[in-house]
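*Asks:* One line per chain: the protein sequences are A, B and C, in this order. Per full-length UniProt numbering, the very first residue in the first sequence carries number 1; after that it's consecutive. Per full-length UniProt numbering, the very first residue in the second sequence carries number 1; after that it's consecutive. Per full-length UniProt numbering, the very first residue in the third sequence carries number 1; after that it's consecutive.
Everything labelled a hint here was simulated from the structure, so no lab data went into it. It should be emphasised that the depicted structure is a prediction, and the values quoted were computed from it without experimental measurement. It cannot be assumed that every hint is accurate.
No distinction is drawn between identical chains; accordingly, a pair holds when it is met within one copy or between any pair of copies.
Result set (DSS-like, lysine-lysine): computed pairs, CA atoms no more than 27 Å apart in a straight line [stated by the list, open to error]: (1) Lys91 x Lys315; (2) Lys180 x Lys143; (3) Lys315 x Lys21; (4) Lys315 x Lys180; (5) Lys180 x Lys96.
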Amino acid sequence: MSFIRNAWYVAAWASEVEGSKMLPRTILGEQIILMRDGEGLAAAVSGVCPHRFASLSMGRLENGVVHCAYHGLGFDHTGACVHNPFGAPPKTMRLKAYPVVERYSALWIWMGEADQADPALIPDFAFNDPAHHWVGEGYLLAKANYELEVENILDLSHIQFLHASTLGSSEVSNGRYEWKQEGEQIWSNRDVYGEIMTPQLATAMGVPVGQPVDRWIYVRWDAPANMAIFAGAVPAGQPQDRQRETPTTHFFTPETEGTTHYFYAISFPRAMGPAGEAMAQEQVRFLSIPFESEDLPMLEQQQRNLQGKSLRDSKLGWLPGDAAGARARNLLYARMDAEAAR
Amino acid sequence: MSFIRNAWYVAAWASEVEGSKMLPRTILGEQIILMRDGEGLAAAVSGVCPHRFASLSMGRLENGVVHCAYHGLGFDHTGACVHNPFGAPPKTMRLKAYPVVERYSALWIWMGEADQADPALIPDFAFNDPAHHWVGEGYLLAKANYELEVENILDLSHIQFLHASTLGSSEVSNGRYEWKQEGEQIWSNRDVYGEIMTPQLATAMGVPVGQPVDRWIYVRWDAPANMAIFAGAVPAGQPQDRQRETPTTHFFTPETEGTTHYFYAISFPRAMGPAGEAMAQEQVRFLSIPFESEDLPMLEQQQRNLQGKSLRDSKLGWLPGDAAGARARNLLYARMDAEAAR
Amino acid sequence: MSFIRNAWYVAAWASEVEGSKMLPRTILGEQIILMRDGEGLAAAVSGVCPHRFASLSMGRLENGVVHCAYHGLGFDHTGACVHNPFGAPPKTMRLKAYPVVERYSALWIWMGEADQADPALIPDFAFNDPAHHWVGEGYLLAKANYELEVENILDLSHIQFLHASTLGSSEVSNGRYEWKQEGEQIWSNRDVYGEIMTPQLATAMGVPVGQPVDRWIYVRWDAPANMAIFAGAVPAGQPQDRQRETPTTHFFTPETEGTTHYFYAISFPRAMGPAGEAMAQEQVRFLSIPFESEDLPMLEQQQRNLQGKSLRDSKLGWLPGDAAGARARNLLYARMDAEAAR
Chain A
1 MSFIRNAWYV AAWASEVEGS KMLPRTILGE QIILMRDGEG LAAAVSGVCP HRFASLSMGR
61 LENGVVHCAY HGLGFDHTGA CVHNPFGAPP KTMRLKAYPV VERYSALWIW MGEADQADPA
121 LIPDFAFNDP AHHWVGEGYL LAKANYELEV ENILDLSHIQ FLHASTLGSS EVSNGRYEWK
181 QEGEQIWSNR DVYGEIMTPQ LATAMGVPVG QPVDRWIYVR WDAPANMAIF AGAVPAGQPQ
241 DRQRETPTTH FFTPETEGTT HYFYAISFPR AMGPAGEAMA QEQVRFLSIP FESEDLPMLE
301 QQQRNLQGKS LRDSKLGWLP GDAAGARARN LLYARMDAEA AR
Chain B
1 MSFIRNAWYV AAWASEVEGS KMLPRTILGE QIILMRDGEG LAAAVSGVCP HRFASLSMGR
61 LENGVVHCAY HGLGFDHTGA CVHNPFGAPP KTMRLKAYPV VERYSALWIW MGEADQADPA
121 LIPDFAFNDP AHHWVGEGYL LAKANYELEV ENILDLSHIQ FLHASTLGSS EVSNGRYEWK
181 QEGEQIWSNR DVYGEIMTPQ LATAMGVPVG QPVDRWIYVR WDAPANMAIF AGAVPAGQPQ
241 DRQRETPTTH FFTPETEGTT HYFYAISFPR AMGPAGEAMA QEQVRFLSIP FESEDLPMLE
301 QQQRNLQGKS LRDSKLGWLP GDAAGARARN LLYARMDAEA AR
Chain C
1 MSFIRNAWYV AAWASEVEGS KMLPRTILGE QIILMRDGEG LAAAVSGVCP HRFASLSMGR
61 LENGVVHCAY HGLGFDHTGA CVHNPFGAPP KTMRLKAYPV VERYSALWIW MGEADQADPA
121 LIPDFAFNDP AHHWVGEGYL LAKANYELEV ENILDLSHIQ FLHASTLGSS EVSNGRYEWK
181 QEGEQIWSNR DVYGEIMTPQ LATAMGVPVG QPVDRWIYVR WDAPANMAIF AGAVPAGQPQ
241 DRQRETPTTH FFTPETEGTT HYFYAISFPR AMGPAGEAMA QEQVRFLSIP FESEDLPMLE
301 QQQRNLQGKS LRDSKLGWLP GDAAGARARN LLYARMDAEA AR
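Just need the whole structure built from these sequences, with the hints factored in.
*Replies:* Take a look at the structure:
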């Protein structure tokens, strides 16, 4: 498995799991049921009944208890069997329970050893805090390994080609690029000078349409694949104004070796009022177009071309823009090996 | 392979194989052609031409001879090559012939050593004898291993949950349950007291709609997976009246490791006249609803959750209601091991 | 792999690769881009970018350079990286280039060692030379191994059965058959006497409809699977008139172990003028019917019945008509073994 387990993954947008609704989702190849307990606290349990392997997604959630559709066993949010229509609930039949934290508009799940599930390890996505930001949320399922997604975002040189008419411009390759590691965090920063952005992108970034701008696009990666892009633009030649920077979120969570949940978002301050909310919704719709119609076909074709091999076991070419992605993958591989060695 | 070979399997309803028609069907992973010889006796031969692996299902049956569509070789119901357009029929090219017996409205096939194919080993389904009963016949193909089907029928506690609005009621779990072994036969018997059945079920069972009844549901299993359910109901508190018992038939025949032919039927005495015939047709249509829309999705999801493993190699949970199914499977496993050891 | 590599395969009809268009096609399991250089010379390079495994089919061909859609690398028809938007083209990233020859209306590709790619090894299909013949071209993709195709064409006894109402007649099995080997070439020749051909076939062959004819059908095979059929007919009893012979072409090129590109054609002399051109188009349309609706389902079913095994590893039956096919396959196997031994 090309996964690390002792890490926080985003299992869902918090808004996907409402009061009395359960959400079935496969993460790292495991069926999981996301739900909320009586107090609205998010929880996650294994999604397969230990009795006869029925998927609990076929059952129902009632008063915080998941009832199996086959023989009626009921399990609470801790995984304990609390209901057996034919006798005492068997203590030996438990669902695995996973640590879950709700933060930054998302439900974070810990797939590894529960005693290491420290919420302080969740990377900072404060700009997704719904108390202070309007968060436009998107989701898609990619038939590609998450490492391909990490490389896609850490090397945004591709926006000039793959996103020529949406997010890119002909000036990207003339810009400046640097990457750096800060602790376990990787940054991949790109400055583009004097580019004319597409009208849609200029409007989104609050710069005049059709005029040259200087754009900065700074990407941050935290293991396993929780990424942020901080991007902004100013009229060409003006100094950077970080106040005009818009953060986007890119959470990648493996569904299986060959498929990945992609949670993406764009955030605007609540201080902007209703205009900010409208902007968040409009901009996330705009982003969905290149993500689904440009990135997705490319990533899925890469995955097919891997022919079942992992990226780690494949002989890749090398361009300077690959450095950040390669470093991130090496950090992942070191942790995979450490987990496998234990 | 999780199959026993020295056993009688139902290959088809007898009515599926008419005079001049051949029926191709895969059983235990083998392509088979079912046909009748000149006197109408049912026969079964391998469905793949030994010459160049053409499926004989693409050819035609003419005067009891199956002609391959590719190069015209003809084989009779014994599997012998009896026609070669280009010379003498080659004696070395034969189809495998399988012992077949027509009994109880079905064609029974023996997949193992022919000299052990004793028709006396066919279990008793006299209530399917078309001379004395109207038999409403149904068929479906399940993408699930036959052992899951055996467990499904031997543990009918699930009718309270999976069939809540069709075959079950809330009182099933309050009933009485016992199982027993009689020789190689397993019985799994359930009595339910004071239940209010769905109107459709009450009508089918000939008891007043909306009034509490006592129902008995007795299940019989014979290896590998030929099962009968004897069920009846009387107004609550009255003694059982076995005259009012209706038998249903559940023949499961593996198509492959992961798919199963399901032949089901319900029988009424010919003595009932035309009303009995109408009842048989109407009731089998009613049964098809829970079988196809409730059991099938559950069984097929279980199969997917096995992820390619056999039930035998999986760690299952245990409820008292599983005893009969577990015993049946153990009998199967012992015979599998014995066959493998030879 | 059941392929020989040091051989000429037909990659495409020449007409499929026009001036500024590139054609992606998988051959022997490898993605390939077919294109033409600045002077219109056909070329073939690997279809997967060595940088991040993007399929170059998603990119674009511009001025003889294939540009990857992902990060903009450009490769010329020799496979050299000639464009890198972010710096000097990396010499270490090359596409594999394959020798290609345009001849007989087709593009021939050499999948093995380039220094052995002698154009003199291309078998003679002069009747497909567009300078002197009208060539009606057809193509289909069969989900069957190419060896099944070779056997299909080398044993045309099947036209009596599989093509009973199109290409065959009841007299085929009464004809004369012989096969011979001439060097590395196999011939499989069939003469049929006094047959009444279907009206469409009689018209195509220029003999009276409804009257008995003598037909000759001579098949030629060159490794790996480049085949020609020379067929003609005269009123029964008259001597063969080779002037009235029409050649058809059958090029089989493995796409994968289980799928095959089938390029077929029928040729008429340019001397016939426009009538010849019309004839070529009409006849190739006629041929497409039995090839697609009669041969294809049979071949694909054979492939499924092989259940992942190769024909070489399967125990086949034997009829005298199989001799030519068996000889051809043995020649292939000997070359496979020789290639594997090196």
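*Asks:* Does each hint hold? Answer for all of them.
*Replies:* A quick look at each hint next to the structure:
Taking identical chains as interchangeable, the C-alpha atoms of lysine 91 and lysine 315 lie at most 27 Å apart only when they sit on different chains, with a minimum of 16 Å there against 50 Å within one chain. With identical chains, the CA atoms of lysine 180 and lysine 143 are never at most 27 Å apart, being 30 Å at best within one copy and 50 Å at best between copies. For the homomeric pair lysine 315 and lysine 21, neither the shortest alpha-carbon distance inside one copy (45 Å) nor that between copies (29 Å) is at most 27 Å. Taking the shortest Cα distances, lysine 315 and lysine 180 sit within 27 Å of each other inside one copy (24 Å), while across copies they are farther apart (48 Å).
In this assembly of identical chains, the alpha carbons of lysine 180 and lysine 96 never lie at most 27 Å apart, being 39 Å within a copy and 35 Å across copies at closest.
Figure legend: structure checked against the earlier numbered hints; hints not met, in rising order: 2, 3, 5.
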